[in-house]
Amino acid sequence: MIQFQGVSKIFNSKNKEIRAVENVTLNVGRGEIYGVIGFSGAGKSTLLRLVNLLERPTGGKVIVNDQDVTSISARDLRKLRRRIGMIFQTFNLFNSRTVYGNVAYPLKLARVPRAQIRERVTELLRFVGLEDKAEQYPEQLSGGQKQRVGIARALATSPDILICDEATSALDPETTGEILKLLKKVNEEYNITILLITHEMHVIRSICDRVAVMENGAVIEEGTVFDIFAHPKQQATKNFISSVQNDKLSPKLLDILKQHHSGRLYRIIFKGGTTGEPVLSQAAKKYDIDFNVVYGSINELQGQLFGSLIVEFTGSDAEIANVVRELERTVELWEVVDHES
Amino acid sequence: MKVDWSTFWVRIVEATGQTLTMVFFTLIFSSILGLLIGLLLFVTRKGNILENRFVFIVLNLAINIIRPIPFIIFLVTISPFTRLVIGTTIGTAAAIFPMTIVASFVIARVVENNLVSIDPGIIEAAKAMGANPLQIIFGVLIPEALGPLILGLTFMTVGLIDFSAMAGTVGGGGLGDLSMTYGYQRFDGSVMLVTIVILIVLVQIAQYIGNRLSRLFLRR
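Chains as they are written, first to last, in my numbering: chain A, 1 to 341; chain B, 1001 to 1220.
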């Protein structure tokens, strides 16, 4: 649906060039919710704008719907843009137009007949739950309501793709949840491919199918959300994950654990199927050890369970070694000796 | 030699009419011209929808050259040009010409300033919807800036009443002319007082209308 093929974007400012996006290759499949995560300045916002050519790439190709966006005419580009809805962190609603007027505007641009506009706008406002706000102006709405208008406006011309520029970053946690739910609904009911960028890992965890991690203009890691959470390779990825998984051990926490637990501490990663099995108690029965879950969490990720626990084993070194060998067949684990940065 | 008010009020009415004529037509012409120049200045800015360095620099320079010249000097300086275009340098029509030129450039700057204050994200959103530059100008830029624009035009109108008084002194007629010839030069305080009161009333009315109109369009 959206393909980035070795895409780069270099900005030339006065005396230096800024490599905002460097040699990015990504494939966003039809019907997917694809998330790009990175800190501010990582280049994700620029990457997003390459899709509808708000920014023109300086290298590589961006292919949307089998069309190379960099080689089409200005007129075709405007047509293509009607197939790509866009929502923004700061909503960017027209303050001089009512809610109705905002949602109707892209349809007016597309020269849709008035009666049809009325029908479509009414339908969309119902979809986002704002049918009673049609005649209000943006200034009269809350942040969440503004973003709902933004979404309705982006969907007006029935696009195949919705691109979201930090769509929830200006919202409080509860409203963020509502907007994410709405985006999921957009994806499922209209089968719209969503490409979103964010700096919040919980956005990725809540609705994305796949994720790319960006740092300094480059994609450093990419995969399904489950795989990335289960096997993060890069440090930046690990940091993002620990921002939502409350399982990272700080030096202070490790000290406290070590004070209270004289046994050996292991981190155990449970994935998918293994979370349902009593692997720990089975192993404890088989060998002469005791175990004690001291820290960690189990979360749902894309419909699968994912757990990361710190477990204390007490018993002889030989028995513990046996247990570890046994457990390694079903789960990932390693001994925690130092704090995990 | 004081004026005889039983007959002089006719002159006052006539002069008020001339002032209003000058202000009204100047406002119409300069609003159109000023809006065009201001829009052009804005859209040709660096990084904007119709970026054009040459047009921007020329317009910017023109505004910066014309605006600081005291109006009464400008009026006299371009009088040969006024004669060429209007056919005369005396009378109301001859006053409207230089007033329109100066006011256009002032309005252009007011328009540009108000457009600059529009959130660029809103323009980006319109672009992302597939709007072309003309659609952005007329469908987004002007409506979004309309409230403050009207306040700017109101400010200009008050300025034009001032300009018209100066234009009067070089033969344009109007209240300024009347107050100079009959009031100042003949030491008749009553004429000056009456013209001042009328000018104040005109300014108040202009400001009132402007405030009401802008509130109608101000949506922030």
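One or more of the hints may lead you astray.
Unchecked claim - In silico BS3-like cross-links for lysine-lysine, where the CA-CA straight-line distance does not exceed 27 Å: (1) Lys238/A <-> Lys258/A; (2) Lys14/A <-> Lys1002/B; (3) Lys252/A <-> Lys238/A; (4) Lys1046/B <-> Lys79/A; (5) Lys16/A <-> Lys1046/B; (6) Lys285/A <-> Lys238/A; (7) Lys233/A <-> Lys252/A; (8) Lys252/A <-> Lys285/A; (9) Lys79/A <-> Lys108/A.
As the list claims (entries may be wrong) - Just some of the chain A residues that point at chain B, by a computed CB distance under 7 Å: (10) Asn52; (11) Arg78; (12) Arg82; (13) Met86; (14) Pro106; (15) Leu109; (16) Arg111; (17) His199; (18) His202; (19) Phe291.
Stated by the list, open to error - Computed list of chain A residues with no C-beta within reach of chain B, every gap over 10 Å: (20) Gly29; (21) Ala74; (22) Ser96; (23) Ala110; (24) Lys184.
Keep in mind that the hints were calculated from the coordinates and are not lab data.
Where is the CB? At the ideal position from N, CA and C, for every residue including glycine.
Evaluated hints:
{"no.": "1", "hint": "Lys238/A <-> Lys258/A", "result": "holds (24 Å)"}
{"no.": "2", "hint": "Lys14/A <-> Lys1002/B", "result": "violated (69 Å)"}
{"no.": "3", "hint": "Lys252/A <-> Lys238/A", "result": "holds (19 Å)"}
{"no.": "4", "hint": "Lys1046/B <-> Lys79/A", "result": "holds (26 Å)"}
{"no.": "5", "hint": "Lys16/A <-> Lys1046/B", "result": "holds (18 Å)"}
{"no.": "6", "hint": "Lys285/A <-> Lys238/A", "result": "violated (34 Å)"}
{"no.": "7", "hint": "Lys233/A <-> Lys252/A", "result": "holds (25 Å)"}
{"no.": "8", "hint": "Lys252/A <-> Lys285/A", "result": "violated (32 Å)"}
{"no.": "9", "hint": "Lys79/A <-> Lys108/A", "result": "holds (13 Å)"}
{"no.": "10", "hint": "Asn52", "result": "holds (6 Å)"}
{"no.": "11", "hint": "Arg78", "result": "holds (4 Å)"}
{"no.": "12", "hint": "Arg82", "result": "holds (5 Å)"}
{"no.": "13", "hint": "Met86", "result": "holds (4 Å)"}
{"no.": "14", "hint": "Pro106", "result": "holds (4 Å)"}
{"no.": "15", "hint": "Leu109", "result": "holds (5 Å)"}
{"no.": "16", "hint": "Arg111", "result": "violated (11 Å)"}
{"no.": "17", "hint": "His199", "result": "violated (18 Å)"}
{"no.": "18", "hint": "His202", "result": "violated (25 Å)"}
{"no.": "19", "hint": "Phe291", "result": "violated (54 Å)"}
{"no.": "20", "hint": "Gly29", "result": "holds (22 Å)"}
{"no.": "21", "hint": "Ala74", "result": "violated (8 Å)"}
{"no.": "22", "hint": "Ser96", "result": "violated (4 Å)"}
{"no.": "23", "hint": "Ala110", "result": "violated (7 Å)"}
{"no.": "24", "hint": "Lys184", "result": "holds (22 Å)"}
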